[in-house]
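The residues making up each chain are set out below.
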Amino acid sequence: MIVDAHVHIGKSARLQIDVGADFLVEAADRLGFDKICCTDLTALFYDMHEGNRLLYEEMRRFPDRILGYATLHSTRFGREALDEIDRCVHDYGMRGLKIYSTPEASIAEPAMIPILEKCAEYNIPILSHTTPDECEYLMAAVPEVKLMMAHAGGQPYAKGDWNRAIMTAGRHPNLYLETASSTIDAGFVEAAVGALGASKIIFGTDMPLLDPYVQRAKIVQTRLSPQERAQVMGGNILQLMGFQA
Amino acid sequence: MILDIHAYIGKWPYWPVDASSPQEVVRVLDSAGIESAAICSTRSLFVSWMDGNEETLSAVERFPKELIGFACLGPLDLSHQRLRQDLDFERLRARGFLGFRLYPQHHSYHPLYERFIDRACEEAATRGQPILLPLRVMMNWGVPAMELGWMVALVERHPRTPWILAGLNYFHELKAGVSLLLRYPSVHLETSCIQGFHAIAKLVEECGSQQLLFGSGVPLQHAGAGVEKILNARIRDSDREQILYGNARRLLRLP
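Chains as they are written, first to last, in my numbering: chain A, 1 to 245; chain B, 1001 to 1255.
Please note that the accuracy of each hint is not assured.
[Stated by the list, open to error] Listed next, the stretches of chain B that the computed footprint assigns to chain A, with coverage defined by at least 3 CB atoms under 8 Å from CB atoms of chain A: (1) 1012 to 1026; (2) 1105 to 1112; (3) 1168 to 1177; (4) 1215 to 1228.
Note that these hints are calculated values from the structure, not bench results. The model shown is predicted, which means the values in this text are computed figures rather than measured ones. Glycine is no exception: its CB is placed at the ideal position from the N, C-alpha and C atoms.
Could you put together the complete structure from these sequences and hints?
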């Protein structure tokens, strides 16, 4: 089963995106993806309540294809954010959390700790758009939480430094690397699997921002065993989200 | 048939890369179905552009079917002396270089205020030899990048030059490239760092396919991933062939 762990749905002015579930499921069909793990862009950058509710409605339309991340746009909403996670898990059936971090508003701060603890309590993974250094802070704060470093360092704030991401993930048993990125450096996937094992690498495309064919080729056209490829391309994220292997 | 307009030979100082020798690079290209590639040596970026050019020529002599030499051009001034020699474009052509490359971000100069640049652009225009101008060597956020405004200003100053704009990624970078493509028929855009969703199809829709060139960034970037985005782009097969080969063949005047 192929699962894309990093997909965006909805609208973002900054990312120039406006897509619904029909578009994404059709794209997933063409790519041969069985499931897509989505985060709503309104929830990610504007209003968590509105965005998560919109995602839930799309999940209901495609219950076998769309897995949902509860999404927060900030660490600074205290009890309100924790209640939103409760709602997303209990009422909406979401299986993970997505949160963004920027140098101007880094989530590597004490306000994030209750959120980490909440996710650890629910045993749901967090897909965080964070740098390796931010992940060091987060894992030190709550080592038992399952954290996926979105883009594995291959994003502007992390300066594309996937080598540092691999080293950081090697220090923390519950830190995983998610592969979506504009960066298509030769050897990245082999280096990550070689250093960390296939069980810590999660396939994602970041569509509809990035070209999913490029992201798929990064994994498929590498020197991985069939078993390793199956783990990376879907097995790992399903396991983190609590599905039976 | 695939002709790659943006590849390298040579060492990569920032992290280990599997392929660096000409033989290793040719093997990587072959594994992705790329028959030939325009290269320069990374030695030109980090050690000496002139030494790197010798390495490039040596590689082309060894693999004449698979590799095409582009000469890297750089400043003639050194810290302790001003070289008396000038760029000899006739000799570069005679030695087999089919185009040139500029790397201001690696050679510590401003392309609008460096003395050799204007002459190089005019020579390239007169001779019909392309200049590949990379915004960045590869799509990694940690690798030095040139100011986008420098690229735009340089092209606008020399609109007759056969430019190959390289290393553009998305959003405003790609929009700037599109703007230059639409205004100047001499401008081409290579694909190695374009990773956006439906980006190739949108480029063809907006600009046509005639000014687009396939580039991989091999051996620094994943060869197969670069090819996949062209093979899976929702464009006509005739446009795909132009991007993968036809446009580069015409630009480089290959048989």
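Taking the hints in turn, this is what the structure says about them:
no.: 1; hint: 1012 to 1026; result: holds (count 5)
no.: 2; hint: 1105 to 1112; result: violated (count 0)
no.: 3; hint: 1168 to 1177; result: holds (count 3)
no.: 4; hint: 1215 to 1228; result: holds (count 12)
When held up to the earlier numbered hints, the structure conflicts with hint 2 and nothing else.
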